[in-house]
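Q: Build the full structure now, drawing on both the sequences and the hints.
In the working numbering, the protein residues as written are 538 to 1344.
Treat the hints as calculated values from the structure; they're not laboratory data.
Check before you lean on any hint, since a few could be wrong.
To be verified - Below, computed lysine to aspartate or glutamate pairings styled on DMTMM-like, alpha-carbon distance capped at 20 Å:
hint, residue 1, residue 2
1, Lys681, Asp961
2, Lys752, Asp741
3, Lys645, Glu1136
4, Lys1344, Glu1331
5, Lys1104, Glu1063
6, Lys681, Asp665
7, Lys1213, Asp990
8, Lys1196, Asp1186
9, Lys670, Glu1058
10, Lys752, Asp1139
11, Lys1260, Asp1188
12, Lys939, Glu763
13, Lys1193, Glu1227
14, Lys770, Asp808
15, Lys820, Glu799
16, Lys935, Glu947
17, Lys1310, Asp1282
18, Lys568, Asp656
19, Lys954, Glu943
20, Lys543, Asp1175
21, Lys543, Asp1139
22, Lys1104, Asp743
23, Lys1310, Glu1283
24, Lys645, Asp1135
25, Lys1200, Glu1211
26, Lys1200, Glu1227
27, Lys1213, Asp743
28, Lys687, Asp990
29, Lys768, Glu943
30, Lys855, Asp776
31, Lys562, Glu660
32, Lys1240, Glu1227
33, Lys844, Asp772
34, Lys1126, Glu713
35, Lys1031, Asp1072
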Amino acid sequence: MAYNFKEIEKKWQNKWYSEGTFFAKDDYTMKKWYGLIEFPYPSGQGLHVGHPRSYTALDVIARKKRMDGYNVLFPIGFDAFGLPAENYAIKNHIHPKITTEKNIEHFKSQLKSVGFSFDWSREINTTDPEYYKWTQWIFIQLFKKGLAYKATMPINFCTGCKVGLANEEVVNGVCERCGSPVVQKEKSQWMLKITEYAQRLIDDLDDLDYLDKIKAQQKNWIGRSEGAEVKFKLDGLQDELIVYTTRPDTLFGATYMVIAPEHPLINKYSDKITNLADVEDYKQKASLKSDFERSELNKEKTGVEIKGLMAINPVNNKKIPIWVSDYVLISYGTGSIMAVPAHDTRDFEFAKKFDIPMVQVVSPKNADSTIDISQEAFTDVEDGILINSDFLNGLTVKEAKKKIIEYLQEKGIGESKVNYKLRDWVFSRQRYWGEPIPMVYCEKCGWVSIPEDELPLILPDIKDYEPGENGESPLAKQEEWINTTCPHCGGKAKRETDTMPQWAGSSWYYLRYMDPHNTNELASKEALNYWNQVDWYNGGMEHTTLHLLYSRFWHKFLYDIGVVPTKEPYHKRTSHGMILGSNGEKMSKSKGNVINPDEIIDEFGADTFRIYEMFMGPFDQTASWSMESIRGCGKFLDRVWNLQDMLKDGDSFSPKFEKMMHKAIKKVSSDIEEMKFNTAISTFMSMVNEFYREKEINKAEFKVLLQLLNPFAPHITEELYSKLSDTTIADTPWPTFDESKTIDDEIEIPIQINGKLKATISIALNSPESTVKDIVHQNSVIQKQLEGKNIVKEIYIPNKIYNIVVK
RNA sequence: GCGGAUGUGGCGGAACUGGCAGACGCGCUGGUCUUAGGAACCAGUGCCAACGGCGUGGGGGUUCGAGUCCCUUCAUCCGCACCA
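A: In structure tokens, the structure reads:
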């Protein structure tokens, strides 16, 4: 008989939400645990089945932690600024504030229907002025410390809509909406100096409990490399071209230089360049390409030789040509490189295409591995010996790097240099629906931050969401808002009209949860000291580079100015896999494979939905939705429900189930901590199967089963438990196990002959080897197998396996 | 091109430091009960020329023993800023 989940789930949810069952306590003497999920963007489509995967996982852990006696903070909020609301407003002339409010209400009711144990009293919303007041406050602190600055950076500009576009909105070089070509347009923008924290962002990973793959991705993104800057004199000029290279050892093999199309050298010496038209033409073409496009063009190298200018290789004084090509990026290193085609794949391809000579300067140490430099670049660093390199000849690559840097430093033509791939954070958006940047520009004083007591700087209500001229923010049209006075000199000044990116609000939200209603500070010292650090943060892999890095950067900054007591925001970081449609493809409206959580809950109930999301596969891997499998989870809960019919009295485990119970407590406890939710659930299923086999279960066993299952399926378990006890499961301590009762005293071990399984025998745990040997040799199957064969060796791994090697 | 991952029955997946491959679930087959079943319960279910043999993407290797370790190769997914 199926249980009435609709009635039961509603009943318990009403109780939880009206009584504040899961509110974190303000008792700062208790041991605490802070679990965090990435707060959702409240999109118009409502909750995606992917959200509850992460939320249920941490809900399971949070519920267990409460039973373990922790004061648990498990908060929720909404990251509500962003593009879709704004684009919707442009199309339908509805204020983003209204749609955002509506979407949040929808999300809230959906989240509540899944029965998450969030602390709803601490709900935050990044678009709330009381919240973004502090986002703006942090920006001002960054500005005061010189970490926010203005720089000219290109934006994607749609030539049709005359709007700045996000990378996402540029598809194949054209505007996603109108199909017009997108060009790069220079614009003065606010930048945040995250690069100043690059080394700390790498070093401090060591003390964190992040998944290794997450640490690897962060490190790779920051991309520290050690190399050298080398100065190349320009032939006949007093000027020089500085390059960054990680392979200074190959300096003798540098046969040409390449500069980025945006490199200032071109303008500076335009009068010397004899093919200026060609160069300018190339530059123009490159500017039409988005970053994305430029990176796509990996098949075919393009470039133009800059005629009239030559560089001089400082170690051998040879004149080498200078090329311009977009495979060199102005944003990395010095925007120019020395090209060593014999030992770099990209340089090789380029040289090959334009028929530029190559000089091999490294040869394989291992004489067997012959290398043909005319076929491919030799890039192996480990196995290389320098040749054709004067005083470096005979050295290994490693030795040569050291020696050449010493030489360069001595001669004043270069120095060792650490470089990072990481670039400063472009913080301006030419958009309406974001936090206003609290800055004004005064002709006399330059950029000045607004006084902190004037925060929040409220985003003005507007009617026209269309962007301003030339890709300006819609705010640029708000004359009365823009014109203000300078906080410094009192003279005329203009407000910044760009807004902050969506990353801003999400860079510090975990701090606000600690003390969400504080009007004096972003959070009180007491709250910050007590909640300290997020103990466990789960989110998607797609946020492990940008969001995670940005918020670590802000946190470190806040630590530096004495606002927070910890160097790092998140102690532990895990990630969940995506949920795909049943066809194995990403869920999307156009593919028609979207699963609506409301419909699933309506048909199967929240508990079944939760169990299924946790059972569908390993938590950290992608999984495809399956309607058939979710039915099986519903069936499992029906079987749990029907266990009541077999209920017997008993205040302690009966002997036949005692071992199973202790093992289950152990297994489920560790599985939850390790996020192996799918195997925890399979343990429950096996237990239930066992009770059915014996057609009985006593009260003690049933209670423990319900307690263990409660974090996964909180409604049905509370309902069943309420029939056995006056307390709720949420108020009971997590069950404990006795290690000695998880060990079997009789075990089965396999017997192999030459590594092939032939039989299994049953022995007492820890039997002496001689006893086991006797039992093995008495086994009839084994005797038969051994007939006429010579035993070479017998291997016994205690309590594991017995293997006989024969000839 | 770079970075991160993943390949195990018809399907989703399990297997602690190398030690009985396929737990658990879906599906399928048979049975019980039933007016009926897309319900419930019970049993079976990796493959094959089945007393035996073969099996964890392919090919090598290490080992008494490999899904697990090493080399090599193929395929798929995700992210990206050609990172010198």
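Q: The structure should be examined with respect to each hint, and the outcome stated for every one.
A: So, going through the hints one by one against the coordinates:
1. This hinted pair checks out: Lys681 and Asp961 have alpha carbons roughly 17 Å apart, not beyond 20 Å.
2. Taking the CA atoms of Lys752 and Asp741, the gap is near 10 Å; set against the 20 Å cutoff, the hint holds.
3. Taking the CA atoms of Lys645 and Glu1136, the gap is about 16 Å. The hint holds against a cut of 20 Å.
4. A C-alpha spacing of about 12 Å is found between Lys1344 and Glu1331, which places the hinted pair at or below 20 Å, so the restraint holds.
5. Proximity of Lys1104 to Glu1063 is assessed by CA-CA distance (about 17 Å); at most 20 Å being required, the pair is judged to hold.
6. Pair hint Lys681 plus Asp665 does not hold up; C-alpha atoms about 24 Å apart against a cutoff of 20 Å.
7. Distance check on the hinted pair: Lys1213 and Asp990 sit about 49 Å apart at the alpha-carbon level, beyond 20 Å; violated.
8. Between Lys1196 and Asp1186 the alpha-carbon distance is near 19 Å, which keeps this suggested pair within the 20 Å criterion.
9. At most 20 Å may separate the alpha-carbon atoms for a hinted pair to count; Lys670 and Glu1058 meet this at roughly 10 Å.
10. Proximity of Lys752 to Asp1139 is assessed by CA-CA distance (about 40 Å); at most 20 Å being required, the pair is judged violated.
11. As the CA atoms of Lys1260 and Asp1188 are separated by approximately 15 Å, the hinted pair is consistent with the 20 Å bound.
12. Proposed proximity of Lys939 and Glu763 is supported: the alpha carbons are some 11 Å apart, at most 20 Å.
13. For the proposed pair Lys1193 and Glu1227, the alpha carbon gap of about 10 Å is at most 20 Å, so the pair holds.
14. For the hint pairing Lys770 with Asp808, the CA-to-CA distance comes to about 18 Å; that is within 20 Å, so the pair holds.
15. Simply put, Lys820 and Glu799 have alpha-carbon atoms about 7 Å apart, close enough for the 20 Å limit, and the pair holds.
16. Among the hinted pairs, Lys935 with Glu947 is consistent with the structure: their alpha-carbon atoms are about 19 Å apart, no more than 20 Å.
17. This hinted pair checks out: Lys1310 and Asp1282 have alpha carbons roughly 18 Å apart, not beyond 20 Å.
18. For the suggested pair Lys568 and Asp656, the alpha carbons sit about 17 Å apart, so the restraint of at most 20 Å is met.
19. Annotation: proposed proximity of Lys954 to Glu943 holds, straight-line Cα distance about 12 Å (limit 20 Å).
20. Restraint check for Lys543 and Asp1175: satisfied, since their Cα atoms lie roughly 14 Å apart, inside the 20 Å limit.
21. For the hint linking Lys543 to Asp1139, the alpha-carbon distance of about 8 Å falls within 20 Å, and the restraint holds.
22. Restraint check for Lys1104 and Asp743: satisfied, since their Cα atoms lie roughly 12 Å apart, inside the 20 Å limit.
23. Under the criterion of a C-alpha separation no larger than 20 Å, the hint pairing Lys1310 with Glu1283 is consistent with the structure, at around 16 Å.
24. Distance restraint check for Lys645 and Asp1135: the Cα-Cα separation of roughly 12 Å lies within the 20 Å cut-off, and the hinted pair is therefore satisfied.
25. For the given pair, Lys1200 sits about 16 Å from Glu1211 by alpha-carbon distance, which is consistent with the 20 Å threshold.
26. Of the supplied pair hints, the one linking Lys1200 and Glu1227 holds, its CA atoms being roughly 13 Å apart against a limit of 20 Å.
27. For the given pair, Lys1213 sits about 24 Å from Asp743 by alpha-carbon distance, which is inconsistent with the 20 Å threshold.
28. Using a Cα cut-off of 20 Å, the hinted pair Lys687 and Asp990 is violated, with the two alpha carbons roughly 24 Å apart.
29. Only pairs whose Cα atoms come within 20 Å are accepted, and Lys768 paired with Glu943 is accepted, the gap being roughly 14 Å.
30. For the given pair, Lys855 sits about 16 Å from Asp776 by alpha-carbon distance, which is consistent with the 20 Å threshold.
31. For the proposed pair Lys562 and Glu660, the alpha carbon gap of about 15 Å is at most 20 Å, so the pair holds.
32. Taking the CA atoms of Lys1240 and Glu1227, the gap is about 16 Å. The hint holds against a cut of 20 Å.
33. Under the criterion of a C-alpha separation no larger than 20 Å, the hint pairing Lys844 with Asp772 is consistent with the structure, at around 12 Å.
34. In summary, the hint linking Lys1126 to Glu713 is supported, as the alpha carbons are separated by about 17 Å, within the 20 Å threshold.
35. Using a Cα cut-off of 20 Å, the hinted pair Lys1031 and Asp1072 is violated, with the two alpha carbons roughly 43 Å apart.
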